[in-house]
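Engineer: Sequence:
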Amino acid sequence: TRITFFTSASYSSGRRDWAPSQRAWGGSLWTSIISPSQPAAAAARAVAGGECEKGIVLCTTGIGVSIAANKVKGIRCALLSDVMSARLTREHNDTNMMAIGAAVVGEGLALEIVDTWLDTQFSHNARHQRRIDKVMALER
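The end of the sequence shown is residue 140 by the working numbering, with every number in the run present.
Hints were generated in silico from the structure; no laboratory data involved. Computed from a predicted structure; not experimentally measured.
BS3-like mimics (lysine-lysine), calculated; alpha carbons at most 27 Å apart, straight line:
| no. | residue 1 | residue 2 |
| --- | --- | --- |
| 1 | K134 | K54 |
| 2 | K73 | K54 |
| 3 | K134 | K71 |
| 4 | K134 | K73 |
| 5 | K71 | K54 |
Work the whole structure out from these sequences, hints included.
Structural biologist: This is the structure we're talking about:
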């Protein structure tokens, strides 16, 4: 699994590479302290273009990076702050990117959210696929 990862925020431990240290890593790691929207969009383009299967973006709240990622055609980025949503957004919405707010979600919970999101597969339920198709049809 190739994953692209962008962060403009770090957790108290200062470990900006926490996702790669937890998973087999084959993607890119970008860090920035200025305007997270551009690198988040670049991460989204890497996912949408097939360079990576999934993307993880972080900033202080996760809001800016999730908005930027969702502007890229083909991206379904969920802003996550709990494990249940991480599971359901993969099972029901087949999200291909996730965002976390480093000032909102503690590091331990963030690691659990990332692991859950990465380990959960899309359900392939027809009802869920119809919903995804309707949402994706909204793209111009």
